[in-house]
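*Asks:* Spelled out, the chains give:
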Amino acid sequence: MHRTKVRIVEDALDANNTIASANRTDFDRAGVRVVNFMSAPGAGKTTLLERVVADLPGVRVGVLEGDVEGSIDADRLAGLHVPVTQLNTSAGFGGECHLDANMVRSAIPALPLEEIDLLLVENVGNLVCPAEFRIGEDARVMVCAVTEGEDKPLKYPLMFRACELVIVNKIDLLPHLDFDLEKLLYNIDAVHPDVETIVLSARTGQGIEAWREWLLRTAAREEAIA
Amino acid sequence: MHELSLSSAIVNTVVRHAAGRPVTVVYLRVGALRQVVPDSLDFYFEFVARGTVCEGARLEHELIPARLRCRGCGHEWSIEIPAFRCPECAGSDVEIAAGNEFEVESIEVGPPAAAWGDRPEGDLGEETQCIAPR
Numbered sequence: 001m002h003r004t005k006v007r008i009v010e011d012a013l014d015a016n017n018t019i020a021s022a023n024r025t026d027f028d029r030a031g032v033r034v035v036n037f038m039s040a041p042g043a044g045k046t047t048l049l050e051r052v053v054a055d056l057p058g059v060r061v062g063v064l065e066g067d068v069e070g071s072i073d074a075d076r077l078a079g080l081h082v083p084v085t086q087l088n089t090s091a092g093f094g095g096e097c098h099l100d101a102n103m104v105r106s107a108i109p110a111l112p113l114e115e116i117d118l119l120l121v122e123n124v125g126n127l128v129c130p131a132e133f134r135i136g137e138d139a140r141v142m143v144c145a146v147t148e149g150e151d152k153p154l155k156y157p158l159m160f161r162a163c164e165l166v167i168v169n170k171i172d173l174l175p176h177l178d179f180d181l182e183k184l185l186y187n188i189d190a191v192h193p194d195v196e197t198i199v200l201s202a203r204t205g206q207g208i209e210a211w212r213e214w215l216l217r218t219a220a221r222e223e224a225i226a
Numbered sequence: 001m002h003e004l005s006l007s008s009a010i011v012n013t014v015v016r017h018a019a020g021r022p023v024t025v026v027y028l029r030v031g032a033l034r035q036v037v038p039d040s041l042d043f044y045f046e047f048v049a050r051g052t053v054c055e056g057a058r059l060e061h062e063l064i065p066a067r068l069r070c071r072g073c074g075h076e077w078s079i080e081i082p083a084f085r086c087p088e089c090a091g092s093d094v095e096i097a098a099g100n101e102f103e104v105e106s107i108e109v110g111p112p113a114a115a116w117g118d119r120p121e122g123d124l125g126e127e128t129q130c131i132a133p134r
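Sequences listed follow chains H and D, in order.
Going by the working numbering, the first residue of the first sequence is number 1, and it counts up by one from there.
Going by the working numbering, the first residue of the second sequence is number 1, and it counts up by one from there.
For the record, the hints were derived by calculation from the structure and aren't laboratory data.
Hints may contain errors.
Unchecked claim - Facing chain H, a subset of chain D residues (Cβ under 8 Å, in silico):
1) 32
2) 35
3) 37
4) 38
5) 52
6) 77
7) 78
8) 79
9) 88
10) 102
11) 110
Unchecked claim - Simulated restraints, written as ranges between beta carbons of each label pair:
12) H/113 / D/62: 27 to 35 Å
13) H/29 / D/37: 24 to 32 Å
14) H/212 / D/89: 34 to 42 Å
15) D/112 / H/80: 53 to 61 Å
16) D/89 / H/112: 42 to 50 Å
17) H/90 / D/25: 29 to 37 Å
Where a beta carbon is used, it is the ideal one built from N, C-alpha and C, also for glycine.
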């Protein structure tokens, strides 16, 4: 059989990045800043949203909830009087473990872009795949709970590098854990030197003010930081 | 586990360039920083490729070692563990010189199914045009 070698030299994720750029253009045109919110399952993403979305003066917030299945998180946020749009990934291959640019693109018609200034996208809980797929966001936030262990930045460097802010959550549990917060912060800095970090407890509210201020700052930015 | 997602990205990229021709080999350039497990990628690729022109194709991985460069002092070094601060000046403005690649470098394709038998067995021609240069 005659065979031909075809030179391609293309990043396999270029197609995703192209769609992400189109999403970004649409968001920019509507004047909406977009934050991609990532973490392992159970790190506290939804609670962190509950804590702040209804209390960002002057900023109209919308939430896009990414889940493999169901609308539990969207239901939790429904009482906060901000528009919440559910995006389920179960239509993909066995339920995609992350959001990609195309899934977010498919959700854009359902988003009330004219009525919001800041869109918080809660990605599927997963420390691996979401780091690979840009969705057209202006900034990426990853949440790391102290119950996950100090070594996580060294084990998941892709995720800890694919963000502009690292939130260390659940610090109210520190008295009950053999956890070295300094060591975690050291490891985060080793993997992503000088990345902005906020240490807080979504449960008690300790440190939440810094998170709120970061969101206000991001919503007011002229240019993306991601 | 991201090898499943990455396999889908590879298949989508290859299908676009194969233009309907059956693919026999996919040559990849994979940076060490991408944390890709080759066996796992092969496993998922075989699965995701089914029913596409990539069905039955072989993956060839070229592993690119990670090299970092400090923009502050110019120091360049290779890393085995994820430590991104400059070991010379402790600076944080460090760029990845190599090791972040996840590229489909080239593919080997046969003729479209209808045209099989046009050329003698084993004739490996070459298309020289670069379809998507970067």
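*Asks:* Need the list of violated hint numbers for this structure, in ascending order.
*Replies:* Failing hints, ascending: 1, 3, 4, 5, 6, 7, 8, 9, 12, 13.
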